[in-house]
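Enquirer: Listed below, chain by chain, are the residues.
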Amino acid sequence: MDVFGSFSLLLALVCAVYAFVGGIFAIKTRHPLLVKSTRQSGMAACVLIFISTISLEYLFFTDNFSMAYVVSHSNRDLSTFYKVAALWAGQEGSLLFWSTLLSVYVLSVLIAYRNKNGELMPYVGVVLAGVQIFFLTLNNFVENPFKTLAAMNASGALEPFTRMDGNGLNPLLQYPEMVIHPPNLYSGYTGFTIPFAFALAALLARYPGEKWIHLTRKWTMIAWCFQSLGILLGAHWAYAVLGWGGYWGWDPVENASLLPWLTGTAFLHSVMMQEKRGMMKVWNVWLVFCTFLLCILGTFLTRSGVVSSVHAFANSQIGPWFVGFICVIIVVCFVAYFKNRDYLASENQLDSMVSRESSFLFNNLLFLVACIAVLSGTLFPVFSEWFTSERISVGAPFFNKVMIPIGLALLFLTGVGPLLAWRKTSLDSLKRNFGWPVVVGALTAVVLFAVGYRDVYSDICFFLCAFVFWTIAMEFYRGAKVIAARTGMGLTMAAHELSMRNTRRYGGYVVHFGMVLVFIGLAGVAFNKDVQKSMNLGDSMKLGQYTLILQSADTKVEKNYTAQRMIVEVLKDNKQLMMLYPEKRQFQGNEQAAGTMVAIYSTLREDLYVVYAGMDPDTNVPVIHAFLNPLVKWIWLGGVWVVMGTLLALMPNRRAALVLAGVPQAETVAAPGAPALTPTATLREGHD
Amino acid sequence: MQRRAKFGVGIGVIVVALAFLAWMGYGESKTYYHTIAEYQALTGSARNHRMRLAGTVASGSIRHTSGRVNFVLEEQGKSLAVSYVGSDPLPDTFVDKSQALVEGRPAADGSFVAEHVQAKCASKYEAAPGGDKPASAPGAATQQSSM
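Protein chains in written order, with this note's numbering: chain A, 1 to 688; chain B, 689 to 835.
Keep in mind the hints are simulated off the structure, nothing from the lab.
Some hints here could point you the wrong way.
[To be verified] Calculated pairs, DSS-like style, for lysine-lysine (alpha carbon to alpha carbon, straight line, at most 27 Å):
{"no.": "1", "chain 1": "A", "residue 1": "Lys481", "chain 2": "A", "residue 2": "Lys529"}
{"no.": "2", "chain 1": "B", "residue 1": "Lys718", "chain 2": "A", "residue 2": "Lys529"}
{"no.": "3", "chain 1": "A", "residue 1": "Lys481", "chain 2": "A", "residue 2": "Lys431"}
{"no.": "4", "chain 1": "B", "residue 1": "Lys694", "chain 2": "A", "residue 2": "Lys276"}
{"no.": "5", "chain 1": "A", "residue 1": "Lys276", "chain 2": "A", "residue 2": "Lys431"}
{"no.": "6", "chain 1": "A", "residue 1": "Lys116", "chain 2": "A", "residue 2": "Lys28"}
{"no.": "7", "chain 1": "A", "residue 1": "Lys559", "chain 2": "A", "residue 2": "Lys533"}
{"no.": "8", "chain 1": "A", "residue 1": "Lys424", "chain 2": "B", "residue 2": "Lys694"}
{"no.": "9", "chain 1": "A", "residue 1": "Lys572", "chain 2": "A", "residue 2": "Lys481"}
{"no.": "10", "chain 1": "A", "residue 1": "Lys36", "chain 2": "A", "residue 2": "Lys276"}
{"no.": "11", "chain 1": "A", "residue 1": "Lys572", "chain 2": "A", "residue 2": "Lys533"}
{"no.": "12", "chain 1": "A", "residue 1": "Lys431", "chain 2": "B", "residue 2": "Lys718"}
[To be verified] Coverage of chain B stretches by chain A, computed from C-beta distances (three or more under 8 Å per stretch; other residues unrestricted):
{"no.": "13", "region": "700-713"}
{"no.": "14", "region": "764-771"}
Where a beta carbon is used, it is the ideal one built from N, C-alpha and C, also for glycine.
Just chain A, with the same shape it has in the complex (with noise of 0.2 Å):
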């Protein structure tokens, strides 16, 4: 099997250069039988990728220790669960999962598109057969995953070497979160390939009109989505599990990964300008040509560790391979564009400071800004030692000090944003539609001071989150009330009808409400406390409204590990309420590999987060720490309300069912093509 998985890996490889210099030929010859061979190769490439991964896979599952990375990263006791994660564990399989990730998309793209868009296709077929030829590479030569164990025999020569057991998986990684976290992230990482593609391709092609960012818009969004709910599943994974108190460290891998969704969402955002009213299409471009960078860049400093530890960047193998990639990218980016750019002319101006263009203008330069000040705080490392010689970090104070007032700016631009009008909005229907908001938000943030909630970023946030959440009830209600009045259906029903008969716009503002949620979420740490305590059984400590006793402590083996548990009593205002079991475990096979089980009590106010810090070394009396984080739950709330806003969003519009009055409903069955006269053209066409 790890022939077989590494044969097909070099084949595809074969494949997927066949697909990039026989779709250059394609495009010069526009001979119809080398575009159908050329991307049929590239739909071959992709399967071949998948056998090899599944291979990998089954060598994992039968416990073949004669391989070096099923060795590394499993054992016997590994539960199936994890086996199928131990795939990404580690270097190889991780760039060997890109790969395959990548396949699942360029596949869909040239199955879709195959009879579409023929002018198009053959660029698009080159540029991801360009990408997979990279990742290939790496694969096959540089951090080639089916490598087999070896050990000199008596003689000095190399002879295959089998272990009895494995390694095992990463402590760390043995959670459940760790298994749909990567997969999430990299489907991010690897989907904005395909926007990049079509971005590429349309300029090389000089493809006419708007039609590269409809046809991308669902793949951006798909993309967009796994990004999301990646960072949001990491951060979740960091909570639960390093024990920390925290989700987000401002670390350079979870940096690399928010600075392709910030351009991305940029991009989702500014795309509309183009489609609207013509503008901004070189700077489209560029977002997507730059997002996709950020993306080959987030995998580098994910995989190489070049910023986090000291001196890796000589240690790392695939760095320069890296380096060299993301400059070819550049160069081709430069080219395309130099030798095209008179094809992206804009078609109009920038009429009023308070319009949705500049709305959309100063969110784009807001997503900028905040992409080069955590691009610039990651890399500031590397960059100070080059210039000064000197190796200099920044660290949490530097984020938060530029992206707290960035996030609230863009907070406030989601509430305003989709209210004001194309060109130029009056003073009338500024008051219209903003009275209310202000006065909801500003209540909000006068009560929740009053209650104790003292801190101006987050009361910020408050008047913020209660202003745009009433702008957005305030459409879904309004649109709402004229469904309803038309059709005498109750208004849920009317707000649901309403959604999808302008998916896009109402997907859109369902992501909004979830980026509200987690903007509460966000705010709540301004009020986080902990304590840490040696205790005694029967020892109590005290924290909020919250009272800890440590009960017992108890010894639990389990297949894999075994766990030192602390038994703790949660009073809250003296009355009980629950038991924690905070735990530290201890993997097998190795004294070194310790894991913290973090118990959580979460509620929507507060979450009571209490890690087993170990025992004190001097009186061997049990270590915790407790932490009150308030409002966290409302950032992973958030993050669902974002992702159903996305499928929304993706969902096609429903024709209105509704017909006129006085015309017989038979007539408009009788004729699905006809355009529908739907009464939701009255409503105002907004952000959609």
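Position chain B relative to chain A; hints supplied.
Expert: Same frame as chain A, now just chain B:
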């Protein structure tokens, strides 16, 4: 033209304000990376910077005392006494011979006072015979004591 100027001013104000905040944040949190050898050669004001040093925890050097944890970091034949004073529990991966990253400031007596400690255990994920190199988990091989 006037409209463009308005936008220009708006954008300029935002960018300048954020740049100022970034500069303040930089001043507050900048940390110098040094090897232990470089650290021991530092003189004058350079010794007052916030710093980040890396090394391997010397075997048997970890001593817990009240309120602090003392240990010795080794790198390229040089060693340095470190005293961890942070409030967070040390990561599970912080044990003898693990690779550790410490962040803090020098003390008057030449030792190093660390506020944060990150540790990566080296041995476990390292090469099996004839096998591969140490691999890290997707963004997770280091555990941090604090952020």
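Enquirer: Please go over all the hints and tell whether each is borne out by the structure.
Expert: A quick look at each hint next to the structure:
1. Only pairs whose Cα atoms come within 27 Å are accepted, and Lys481(A) paired with Lys529(A) is rejected, the gap being roughly 45 Å.
2. With a CA separation close to 26 Å, the supplied pair Lys718(B) and Lys529(A) stays within the 27 Å bound.
3. Using a Cα cut-off of 27 Å, the hinted pair Lys481(A) and Lys431(A) holds, with the two alpha carbons roughly 20 Å apart.
4. The straight-line distance between the Cα atoms of Lys694(B) and Lys276(A) is roughly 23 Å, inside the 27 Å bound, and the hint therefore holds.
5. For the given pair, Lys276(A) sits about 25 Å from Lys431(A) by alpha-carbon distance, which is consistent with the 27 Å threshold.
6. At roughly 19 Å between alpha-carbon atoms, Lys116(A) and Lys28(A) fall within 27 Å of each other, so this suggested pair holds.
7. Restraint check: the Cα-Cα separation between Lys559(A) and Lys533(A) comes to about 31 Å, which exceeds 27 Å; the hinted pair is violated.
8. Under the criterion of a C-alpha separation no larger than 27 Å, the hint pairing Lys424(A) with Lys694(B) is consistent with the structure, at around 15 Å.
9. About 44 Å separates the Cα atoms of Lys572(A) and Lys481(A), which puts this hinted pair outside 27 Å; it is violated.
10. A C-alpha spacing of about 35 Å is found between Lys36(A) and Lys276(A), which places the hinted pair above 27 Å, so the restraint is violated.
11. The suggested pairing of Lys572(A) with Lys533(A) holds, with an alpha-carbon distance near 19 Å, which does not exceed 27 Å.
12. Of the pairs offered as hints, the one joining Lys431(A) and Lys718(B) is violated, with about 45 Å between alpha carbons and a cut-off of 27 Å exceeded.
13. With 8 residues having a beta carbon nearer than 8 Å to a beta carbon of chain A, the region 700-713 of chain B meets the requirement of three or more and the stated coverage holds.
14. With 0 residues carrying a beta carbon less than 8 Å from a beta carbon of chain A, the region 764-771 of chain B misses the three-residue requirement, and the given coverage is violated.
Of the numbered hints stated above, those contradicted by the structure are hints 1, 7, 9, 10, 12 and 14, listed in ascending order.
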